[in-house]
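*Asks:* This is what each chain is made of:
Protein chains: 2
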Amino acid sequence: MPFTALRVAGPSQRRRYRRTVTSVRDFVNDHRQRLLDDLDQWLRIPGISAQPERHADVRRGADWFADAARRTGFPVVEVLDDGPWLPAVYAEWRSEDAGAPTVLVYGHHDVQPVDPLDLWHTDPFSPTLDGDVLRARGASDDKGQLLFHLLGVQAHLAATGRSTPAVTLKLLVEGEEESGSPHFADLLEAHKDKLGCDVVVVTDTGIVAPDVPSTVTGMRGMVAATVHFHGPDLDLHSGVFGGAVPNPATAIARMVGALHDDRGRVQVPGFYDDVVELTDTERELFAKVPSDDAEFMKVAQSRALHGENGFTTLERIGARPTAEVNGIGGGYQGDGHKTVIPSDAFVKLSFRLVANQDPAKIISGVDRFVGEHTPDGIVADVAWEGSGVKACLVPLGTPAYEALTDAISAAFDGAQVLPTREGGSGPEAALQEATGVPLVFLGFMLPDDQIHAPNEKVSVPLLYKGAEAAAHLWAGFAAVGATALRER
Amino acid sequence: MPFTALRVAGPSQRRRYRRTVTSVRDFVNDHRQRLLDDLDQWLRIPGISAQPERHADVRRGADWFADAARRTGFPVVEVLDDGPWLPAVYAEWRSEDAGAPTVLVYGHHDVQPVDPLDLWHTDPFSPTLDGDVLRARGASDDKGQLLFHLLGVQAHLAATGRSTPAVTLKLLVEGEEESGSPHFADLLEAHKDKLGCDVVVVTDTGIVAPDVPSTVTGMRGMVAATVHFHGPDLDLHSGVFGGAVPNPATAIARMVGALHDDRGRVQVPGFYDDVVELTDTERELFAKVPSDDAEFMKVAQSRALHGENGFTTLERIGARPTAEVNGIGGGYQGDGHKTVIPSDAFVKLSFRLVANQDPAKIISGVDRFVGEHTPDGIVADVAWEGSGVKACLVPLGTPAYEALTDAISAAFDGAQVLPTREGGSGPEAALQEATGVPLVFLGFMLPDDQIHAPNEKVSVPLLYKGAEAAAHLWAGFAAVGATALRER
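Listed in order, the protein sequences are those of chains B and A. The first sequence begins at 70 in our numbering and counts up one residue at a time. The second sequence begins at 70 in our numbering and counts up one residue at a time.
Calculated directly from the structure, the hints in this document are not laboratory data. Where a beta carbon is used, it is the ideal one built from N, C-alpha and C, also for glycine. It cannot be assumed that every hint is accurate.
To be verified - FRET-style restraints, in silico, Cβ to Cβ:
hint, chain 1, residue 1, chain 2, residue 2, range
1, B, D349, A, E441, 51 to 61 Å
2, A, V448, B, D192, 39 to 49 Å
3, A, E441, B, L105, 18 to 28 Å
Stated by the list, open to error - Just a sample of chain B residues kept apart from chain A, beta carbon distances all over 10 Å, derived:
hint, residue
4, A254
5, A373
6, P464
7, E491
8, A499
What the hints assert, rightly or not - Covered, in the sense of this in silico footprint (three residues per stretch, anywhere, with C-beta under 8 Å from a C-beta of chain B), are these stretches of chain A:
hint, segment
9, 113 to 125
10, 135 to 148
11, 291 to 303
12, 308 to 317
13, 371 to 378
14, 517 to 523
Could you put together the complete structure from these sequences and hints?
*Replies:* And the structure:
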């Protein structure tokens, strides 16, 4: 496989590029401890955006990153807390080169909740380094990824002998991503003066395997809601009243039970209306991505695969919309048995969307579905998490995409960079809409990093690769130039 | 309506009986405060048998009642703690009359859990008297009922001038009833030497309304289980894995969704095989019990009725078996949203049974149903609460039944005592099997006492009525005699 970075460079540039690769790697290797020390500090701040009692910690996490950006050399650093969103961080480092492209890097500093806490082998907020593996909530998603950028820009300066980056670098670090970015559109609107750029780099994704570099080219969107069923106004004795009044726990289970048919198709009215089906060519490309159902099951620690009939695992994750139960509750939860008819029950549902599905249409379809499955005597309430997130697709072969894969390849000694799709959702669609420029994904989480689960971890060597790739990317984007970067 | 107590008494006995009614009432009225003071002490002990951390309190509750029985005058009082059961109390007061019948009174000293605690208007273990209403966990179910017996036997002695009761009185007060009496059969087996009697009086039930005395003539049985579904061995990110692995929360909801058909019929294999259908005559009798669906909905604080098609509310509760969800849980339970595929989910199910249904057959049917509804990749576990409780039916018109209704009527100034059926389950079937004698129900809970729910309360005047009825009952049973009491 040829060294793909060379596609944008002539023969005389090749030697210079190789020198840069060595210089970048040397700088990163010489400053590994700084990244680890910084990460250790940041990971101790439990900034869980989904839990209001942790919002002071979310702010501390923002303040910490703002300081770190200042220490790195960013001349402009602001904590953005002038709206309903949790504090975000904006940092800017202008290139001294006239006409240099502008790059907006997106990431987030908030983290997922940590329950069930008893399944963690180490304290989630006491980072523990075990060989090449660092364990802590947020180690991979997304603090580790963001910190490689701080090291990366310094490596870029050191390797090129520059005092400002070859591109104008903007960092936008959100504090609500793990809560579904409910105010991200507001934040983008309020700070649209800061968003001018030629390309967006999203750093909140992963690669296929430690030795298989890849980049995400599609992400699913999402809508999420808590459906609450209220039955009798008090918990009732199931002997005295059982069999004669509506039971909201039974009713909500029946509603969830009707959510899929026996072929795994979601039964929300109109759910598949706008889905663009995979073409035969796309299905062939999907089939080329190295993927092994047995390995997937091992990483998922699942005893079986399960999903929409007629699709492969990668298709189910990357190209098909879903309905999942994220939580369900109601009635007696403790030891032993309490023979009540509960007064209340809830289910937390999320729906992953694919390109062209409109969150607003899905929301109204789910509202209708819940209404149709609410029996007499049950009061239903559907609380949506914001207005949802659209799916996002990155076209292959654009100059921005080529520069990205070249930079990643350089960090991986010339290995081929594969395009993948990810099943997750983020605020990418909003970023794409607000900026109007191409968007690429640079991130090095691993499938088994257990993000969102107990015992989250990150592969430390991949963070160093991330710093290298970022350093190469700024030089690569500068070589491409602003106009070409905007090509779609 | 004639004074039904007179059915067992000739004209000359009538005057004596009326004097007894007055004497019993006077004694009870003079000792009301003692009952209230005792109840206040006992209700402060949070003896929740379903919660292992409360088992020390269950023992304290047993010790307290043992002391109270001794203070009342019972010469033999034992705390039974020589087996796997939580401590029970046995008390015995032999009649000095040769050939006096022996009566075994059953009740329980343990109480239901109190969650959700935030729905209580007062502390569940700080009894609060508000006019005629006393609020606390256990006030009605079953501590208040048991304490009227202690006052009742004293009223019986005072009104008849006796130094020992006219019947040999045995009290058996269990400590695990609210957990489904898992070891009650063991307890009965271990202490069968204490169970010799001519009639059993169960004191753990209610009446139709404060001014409508009634007695239970049927109780449903029950089996209960926690079904646990285990999916992937860790919580997974629903973006990364959603749509491709089995979700135990979705799966358990689908299983519960299949539990009833659209007509409210339980879909467990063989569920209705042994049910004795109501005869037309029985349905006519049921229809005579004063019952008002609107009032039932008001007491249940429910906006609708819901149940098996083709049956009235009373039939659904008294004569039809059910399947109810008592609790369901899995995945994220907190504020906001966590986009996980949970590793685990559970549902707590109970099945009310009617006469002739065999708990063992229902248990195996449910096991089969769960197996048939466990998808690939899900590991199911069904944990049964003991071996279940058979339903129980009291034949009308026997001497024991007539003496019971006479005694209740006497406490209610001669009002007619209606036969009812209750939907609840208790250890009656085991008692009936262990003793081989007729069983009757004496209890004064009200439908709106909110037993098993927040804000449990008891009507204090009904406890005084209970003491009166008990006092009359011992005289009445003595008048009937041991041989006639055993008639079925």
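*Asks:* Need the list of violated hint numbers for this structure, in ascending order.
*Replies:* 1, 2, 3, 5, 7, 10
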